[in-house]
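J.: The lines below spell out each chain.
4 protein chains.
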Amino acid sequence: MNRKGGRRIGVVTAGGDAPGLNAAIRALGRCAIDAGDEVIGILNGWTGLLEEGTCRQLSADDFVGIVSHGGTILGSSRTAALQDEVGIHRLLAGVQEARLDIVVAMGGDGTLKLARKLAEHGLRVIGIPKTIDYDVDYTEICIGFESALSRVVEALDRLHTTAASHHRVMVLETMGRDSGWLATLGGLAGGADMICIPEFQVSIDDVAERLLERRRIGKQSSIVVVAEGCDLKGVFGDAPPLDGVGHPLLARRAIGEHVAVAIERLTGSETRSTVLGHLQRGGSPVASDRVWATRLGAAAADLARSDRRATAVAVRNGEVVEATLSQLTEHRRVVPESLYELSRRTS
Amino acid sequence: MNRKGGRRIGVVTAGGDAPGLNAAIRALGRCAIDAGDEVIGILNGWTGLLEEGTCRQLSADDFVGIVSHGGTILGSSRTAALQDEVGIHRLLAGVQEARLDIVVAMGGDGTLKLARKLAEHGLRVIGIPKTIDYDVDYTEICIGFESALSRVVEALDRLHTTAASHHRVMVLETMGRDSGWLATLGGLAGGADMICIPEFQVSIDDVAERLLERRRIGKQSSIVVVAEGCDLKGVFGDAPPLDGVGHPLLARRAIGEHVAVAIERLTGSETRSTVLGHLQRGGSPVASDRVWATRLGAAAADLARSDRRATAVAVRNGEVVEATLSQLTEHRRVVPESLYELSRRTS
Amino acid sequence: MNRKGGRRIGVVTAGGDAPGLNAAIRALGRCAIDAGDEVIGILNGWTGLLEEGTCRQLSADDFVGIVSHGGTILGSSRTAALQDEVGIHRLLAGVQEARLDIVVAMGGDGTLKLARKLAEHGLRVIGIPKTIDYDVDYTEICIGFESALSRVVEALDRLHTTAASHHRVMVLETMGRDSGWLATLGGLAGGADMICIPEFQVSIDDVAERLLERRRIGKQSSIVVVAEGCDLKGVFGDAPPLDGVGHPLLARRAIGEHVAVAIERLTGSETRSTVLGHLQRGGSPVASDRVWATRLGAAAADLARSDRRATAVAVRNGEVVEATLSQLTEHRRVVPESLYELSRRTS
Amino acid sequence: MNRKGGRRIGVVTAGGDAPGLNAAIRALGRCAIDAGDEVIGILNGWTGLLEEGTCRQLSADDFVGIVSHGGTILGSSRTAALQDEVGIHRLLAGVQEARLDIVVAMGGDGTLKLARKLAEHGLRVIGIPKTIDYDVDYTEICIGFESALSRVVEALDRLHTTAASHHRVMVLETMGRDSGWLATLGGLAGGADMICIPEFQVSIDDVAERLLERRRIGKQSSIVVVAEGCDLKGVFGDAPPLDGVGHPLLARRAIGEHVAVAIERLTGSETRSTVLGHLQRGGSPVASDRVWATRLGAAAADLARSDRRATAVAVRNGEVVEATLSQLTEHRRVVPESLYELSRRTS
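Residue numbers (this note's numbering), protein chains in the order written: chain A, 10 to 356; chain B, 10 to 356; chain C, 10 to 356; chain D, 10 to 356.
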């Protein structure tokens, strides 16, 4: 125990930023400070533990007005480089340096796995699931997903009017390198006519055939949603393989643009693509993300006062519950076939 | 069985309108028609069964573009007048007149109870929970609630800036005659400083005391959220009881305005009230309402092909499940104390 | 001249808060500081000149991130109490106390008239027009109006879906005690069927007749927009005059509710009212308010370096120009008949 | 003169779709029909005059509810292919075939120039300026621009939170092949730190220098807005010229991505790009576009009853006025240096 008789709770946000993180930080902070604990913000993701001066004690004033702000007041960074033994030990040293009794880690798969490793090395940690990809298992809620989903749906609402006015095919590329949740639920809610995701392979010929079929029955515009990492057979057609081109731009190539080129080639319909990109992460969190982030953050503050060494919070059956880091990280949550099928049945 | 070898599925939306109903109608309609059934829209709520010419067969074209539209393409009306034996028999006669094999009823407590009574009289019915009050029990999702919640949060975001600029207390009145869900979760997500709901009594003196306490620690503006039916002791102060006044305007009096008057009297702080009213129901559904409405509507179409006589769909553990009408209507879902407490802890 | 060789420019925001003020403060501040002047924020409206410690020097950091924030970082207050000779002299003393060389005043009719009086007493002032009522004359742009207008239109979009679903008349009350701009342009853009404003008298019987006519041609729902101060003959019908009732609530009565009661009485149609109130002022400014506020603020910074004693900025012919305080305050801008007529022709 | 004693007014929307067109069509339609004229919708842009069955008489019902809808109920298409003599004569034949007395053409530079040519061949035409690029001269308002501008600003608001959370440079590419209005005013209103447009050349080294300077003074994130056609010297660095690569994707390359690559190379800062693309055109029009589109459409209906042979409507000094097609098409409106400078001074 440290001075004031309370704990020193470190809090870190890592991986891509997501709307709702500030609501979780605020709830955690207010509940913990209220209970006599200190809350130490680890700045700029896990790397904040590696450099001096990048931890800072948070006070009540830090939480005023942030519930509606996107991003994270703590800053964030990617975690990949720290997952090895060397990284783990540097982080543990940083925790000791900052005299933290426990670390609350808000993040997705990478962050929670890192938290798990740190726990295996004796650190007290509490994980909070956050990812706009919705691919953390076990929990019904991942902070940020509903906000990102709402951006996808809003984009589709807008693309519909322009697609209809010009009798075009519009392709929207959503985030989701390994996971089709944003594309599937976004497409379902946004009235997409075809959805391509990593979990289920379709061929570009199937896509074209469906669009042609729509044209035959008089539908002159269509909307196709593709996840960043969709499994789309034949999309590159006879084009030279991109990796061989060597142009730095192509390192940033977007699948949505390839899909649009291929659709235009196969159907003759004018086709345009839009890559939603970072617009999915930014801005004010929707109500649902704020509510659940608040509930999860408060639950983490409560758990910090227990004797658990390594644990996590999650949402199950519409309630906040305690979970293990293994439950959250053992598997990736994938889109089930029934849901993917539903998106076809209702389109 | 009727012509085409399929069922004639009636669909009715009753009670207050809610964003997401059209997504449910669309999913039900597309899945049912796809399976060879006919879908008959009962217009303007249950009363559509009582008058000639107020049922109409829906076709694929009726569903185009409606997923993003608020309200209900079928129209709606209140159900109170039809809950007695006379009403029930008139409705059953209407069902027979329209030659419906089954009725899918989308509504809140009143609608689902009426559906249950109709079922007890032999009608095949399937209930779908819809209410912006979120007070239907058993199900984690009620169509419309998330959209209404987002309106409350958006309103609070706006009131914050004007409260801060003028050092005022702003009172926001939300819907919720018997239920504090919108006020509690809205206040939680919108950074309210005090929340008053039907489930837990507070006194206006407590409210005033808390606001004065905030002023003492330098917070010059505050936000108070009150549900329409909040249990707020002493709010009318020494004012004459309203029912005795006899002015027609007062039949439409809003509690929020009373609260503002009382706060100004007790604290001396300039206080303004806003009654959100019908703005909570209107407009385009948020992503989450569209997703779940689609899933619930499709599930109802599937159940219509089963041999169930009286059943319902609901969301449990983050999945669409079958439920009984009793499970949905036996109790009202109320805000639990822990959640109400959380709104105080994090404010 | 003071230290640094620059001017000490005071800046005050007074009257009701409006989206866009922060953009104007930011542009004024950045341009002035860039040019070597000092910028002193007068806090909480003109009253900030009367109390010690309510002026504070602004620095570059104060402007970061505020362009998107509603309200005013300086705070505001009403000006009515300061318009007499005593008030003027107290303010002049405050200016001297704060050693201000010039005051930039952002506000509506009241604020700009006060600025004019201060100028007549020798103070150097620059006025910037700001009002969500749009009733400041001469200028094509008043900071805040476009944002408030967008709230009105958004509200109407939402009310349409619920009106249509329930075959109701919906009454929306907008701000505008003496001015019908918000109601007229809001109604025009939001598809209102009838608009009542202070500038043109209509009778409640006319309103009812028009709604009945709509019903006769099969339009089952209607939207009526009324400005707070609309001139609506006969709206109180046989109800007792409100001022005699003496109930404190009635001091806050809203005309929209009276209109709804009267319409229901005269047409038999179910009618509901919504008072938009403070939601019109709050929240993030729309793009246009940010652009013009920025341009006006920067122009004021430039004028502060001139030798003008009393002047103002305005928008004419789509450009920022210099104006006199008289031009802005001599008359109130009222809705012209042709525009009001247009709202009837296009509805 | 045709039956009913009125004129047959054709209406066409051409070029890229833009929010607000439906408001203009509605106002034109209602006012014209009200005055006894017939309104004939020319479908899918000018090409609607070339094929049989692509003109259709509009009635009051066609205008219900469309004021809030994006796109155009008439459809649109590009006009480039019709600008030669052959095209003109085919169009004139189409006008005769459809027995139109006059054509109201809503569009940007291309459409209005085509209208001018048709007028030179004897057709009665009225032009209405519409372009999200805001590059039509003489008029203060182009339908669609304010809505597109609001999308840009909304995107920047979102990118700020993610830029700040990750200490990144975010590049946003807006539309504007020849015109920097969206980028300049969007950047001004959205708090961009650097803006690159076609009208003023800057070098990528200048951009990098400014970003490095920001980093030196502690600003760890920056926002750069680039118009699609910005004049950015040195942005391709040592990369192979793109046209030589021959990959079909590269025909759709976006300048924003090149800028991000170059900034990362020159500054070492992590940089991400977002191409806003079609999201700028779609969705519901903002209030201002609805108001002016309504006023312009109504004015066109009035002009159609005059004896003018070739004319146009525009906004000057905040009022709708008559203009000539030459005034609108002789020059392109470009961003003046003072405005571009302002964006630097206030950032």
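Hints listed in this document are in silico derivations from the structure and should not be mistaken for laboratory results.
Among these hints, one or two may not hold up.
Pairs count within a copy or across copies, as identical chains cannot be separated in the list.
As the list claims (entries may be wrong) - With a straight-line cut-off of 20 angstroms between C-alpha atoms, the simulated SDA-like cross-links for lysine to any residue are: (1) 228 x 312; (2) 242 x 63; (3) 228 x 99; (4) 122 x 336; (5) 228 x 70.
It should be emphasised that the depicted structure is a prediction, and the values quoted were computed from it without experimental measurement.
J.: Hint by hint, note whether the structure agrees.
T.: These are the hints, each one checked on the structure:
Taking the shortest alpha-carbon separations for residue 228 and residue 312, neither the intra-copy value of 55 angstroms nor the inter-copy value of 30 angstroms comes in at or below 20 angstroms. Taking identical chains as interchangeable, the C-alpha atoms of residue 242 and residue 63 are never at most 20 angstroms apart, the minima being 46 angstroms within one chain and 38 angstroms between chains. Taking CA atoms no more than 20 angstroms apart as the test, residue 228 paired with residue 99 passes in neither setting, with 59 angstroms inside one copy and 28 angstroms between copies. In the homo-oligomer, the alpha carbons of residue 122 and residue 336 lie at most 20 angstroms apart inside one protomer (11 angstroms), although the nearest pairing across protomers, at 40 angstroms, exceeds that limit.
Proximity of residue 228 and residue 70 under a CA criterion of 20 angstroms is satisfied inter-copy only: 11 angstroms between copies versus 55 angstroms inside one chain copy.
Going through the hint list in order, the structure does not satisfy hints 1, 2, 3.
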